[in-house]
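For reference, the chains in residue letters:
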Amino acid sequence: MARPVIIDCDPGHDDAIALILALARPEVLEVLAVTTVAGNQTLDKTFVNARRVLTALGKCAPVAQGAAGPLLRPLMTAPNVHGETGLDGPVFPEKLIEPSPRRAFDLQVELLERAREKVTLIALGPLTNLGRLLLARPDLTEKIDHITIMGGAVLGGNWSAAAEFNIMVDPEAANAVFGSGLQVVMCGLDVTHQAYIEERDIARFRAIPTVAAQLAADLLDFFKLYHQAGVVGVPLHDPCAVAYELAPALFTWVDTHIEVETHSEFCDGTIITDLRGFSGLPRRHRAVMGVDRQGFIDLLCDAFETYPKEVPAL
Amino acid sequence: MSDKRKKVILDTDPGVDDAIAMLMLMGSPDIDLLAIAAVGGNVGLASTLHNALCLTELAGRTDIPVYAGAEQPLLQRLETAEDIHGRRGLGPLELPAPTKRAEPGEVGELFYRLARQHPGEITLVAIGPLTNLGRAFLAHPDLPALLREVVIMGGAVVGGNATLQAEFNIYVDPEAARVVFDSGVKLTMFPLDICHRTMLGLPDIEGLARIGSHRAAAVAELLRHAYGVSTGRLGLQGTPVYDAVTAAFVIRPELFALRDFNVEIELRGARTRGRTVVDHYGFTRKPTNCAIPVESDTQGYLALLHELLRD
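Protein sequences, first through last, are from chains F and P. Start counting the first sequence at 1; every next residue gets the next number (my numbering). Start counting the second sequence at 1; every next residue gets the next number (my numbering).
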């Protein structure tokens, strides 16, 4: 039976590929909704982009608009990585699927209240929407199985020396999520930098004659232009979080306490772990540390194969 | 014939692992140990100074002058670690009272005087809180350029031991650490990480005990204590003898592979004060200011211990 999930995202090139992966096998993951948040780009852009991706794939799920900015600080975006639209590169259809009329918060609350089995939340952007939900409605944690995120890093950072972008954008929201009492599976830079692709992988995607594979290849031809210091290939950050849900056996991890620095000179958004176990704090969370890269690429290709060659215009 | 030995000043807060590092450096024919400065850290200054004096006598090296450094960190009160090092700092090790006393004089002035006597030649090895060094650099801004290098035990790339994010030596005096890391001095830092990958096990310790010298017996006793703390309360698989690993680098640098990084000292963090913020991926593009060991030869380290502790 399909496991129900809600995907919170800020597409974003790697978000789009994560959505392709998540929507490929409805018999495994049932995507109850896609909620959007400001992050890689501003909220209006990520909201349109989520609908552009679903339209291009011929998939329909409610797409609801969430937070325009972090809980307690101004927004930072990443136009240097994702371009002005947030999804520069591919050509998308003009006419898009209709958005949900509901706010992301209201839709999340309704879906969770109604859920007969526990829902898994997958967060691919800053944790603003999830932080707000868990701060406002702590009673709903019993409806949530766990939360899997792309964000953070045990070692190093990609938006400062010690912080990863998604966590650095809204560290207070991240702390609300890590402190909610739920298990958070953190797919951070430690694993996503191992889930990189090279030119020949893009060529392999390009050779698969489906809308999903072509979209992924178009996205990556733009996304590969951003080169980050000290990193091999093009890391596919967000798809790691979805891949963990589909095929956890591809990954290795350490269970540990995790919290987030929110008030500092150099470390806002830094993930604080206790890998040495000195603190005695509960090891509630999971820091994903490694991936079978080839298995991950194969999983993506298998997902691309499930899509049609063409999608009729709306 | 010119003296090929490395000129070293040791700044230390003995301390179980400091004591082993001291015995290593005092016993090495490759090291010319010009002076030892004590600092408050693992235990209070009265004890670290006392222990330093006792250890020079154990090593038969009362020729090395011992100085009393800072009792308190630059801007905060001293926190000590008797839970790790025992009430007087050397765990179970009892040594005869020293016959010699500390030399008079301010430690910062001593560093400066020796550095001017031997410009570009001195390796300053600091294996406790960086208070003495920070104070000396504040008093003499030209001192960093007069030193060959500074090698410290302190900090961590991932995680801490005094807090989730801060290693003890930096945690005790983060402001002094900031002064040292921002000074422009050629700096090598031995963080928790490499020390945890260069651990000694019980058979290693018993092997050292069998050497039979007084110094080896003392080191084995200290190591058994450290092993008990490490594998007991800390849940480790062996004992990471932080300062001894650092001393091994000073004596035999080829046991380690280093990489250069930019490292900042976090002073304000609510949860990260005292963290050494290592720019692992080079994201900030700030110039590198610190070398960090990324690989070590544990067997070579153990062999060096054997070599140094033989009579």
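Certain hints may be false.
Derived list of chain P stretches under chain F, where covered just means 3 residues or more per stretch with a C-beta under 8 Å from a C-beta of chain F [unchecked claim]:
no. : stretch
1   : 149-159
2   : 269-281
Here are a few chain P residues that sit away from chain F, every Cβ distance over 12 Å (derived from the structure) [said to hold, decoys possible]:
no. : residue
3   : 77
4   : 102
5   : 217
Pair by pair, the computed Cβ-Cβ distance ranges are [stated by the list, open to error]:
no. : chain 1 : residue 1 : chain 2 : residue 2 : range
6   : F       : 221       : P       : 121       : 51 to 61 Å
7   : F       : 183       : P       : 285       : 32 to 42 Å
8   : P       : 207       : F       : 231       : 51 to 61 Å
9   : F       : 221       : P       : 76        : 48 to 58 Å
10  : F       : 227       : P       : 142       : 51 to 61 Å
11  : F       : 141       : P       : 295       : 22 to 32 Å
Please keep in mind that the hints were generated in silico from the structure rather than gathered at the bench. Computed from a predicted structure; not experimentally measured. No residue lacks a Cβ here, since even glycine has one placed at the ideal position from N, Cα and C.
For each hint, the structure was consulted:
Coverage of a stretch by a chain is defined here by at least three residues with a beta carbon nearer than 8 Å to that chain's beta carbons; for the stretch 149-159 of chain P and chain F the count is 3, and the condition holds. With 11 residues carrying a beta carbon less than 8 Å from a beta carbon of chain F, the stretch 269-281 of chain P meets the three-residue requirement, and the given coverage holds. The claim that residue 77 of chain P is not at the interface with chain F holds, since no C-beta of that chain comes within 12 Å of its own (minimum 21 Å). With a closest Cβ-Cβ approach of about 34 Å to chain F, residue 102 of chain P is found to remain outside the 12 Å limit, as its non-interface label requires.
No beta-carbon of chain F is positioned within 12 Å of the beta-carbon of residue 217 of chain P; the least distance is around 30 Å. Between residue 221 of chain F and residue 121 of chain P the beta carbon distance is about 56 Å. The supplied range of 51 to 61 Å therefore holds. Checked against the hint of 32 to 42 Å, the pair residue 183 of chain F and residue 285 of chain P passes, with Cβ atoms roughly 36 Å apart. As the Cβ distance of residue 207 of chain P to residue 231 of chain F is approximately 43 Å, the hint placing it in 51 to 61 Å is violated.
Look at residue 221 of chain F against residue 76 of chain P: about 54 Å separates their beta carbons, and that is inside 48 to 58 Å. A hinted range of 51 to 61 Å is violated for the C-beta pair residue 227 of chain F and residue 142 of chain P, which are about 40 Å apart. Range check, residue 141 of chain F to residue 295 of chain P: about 43 Å between beta-carbon atoms, so the 22 to 32 Å window is missed.
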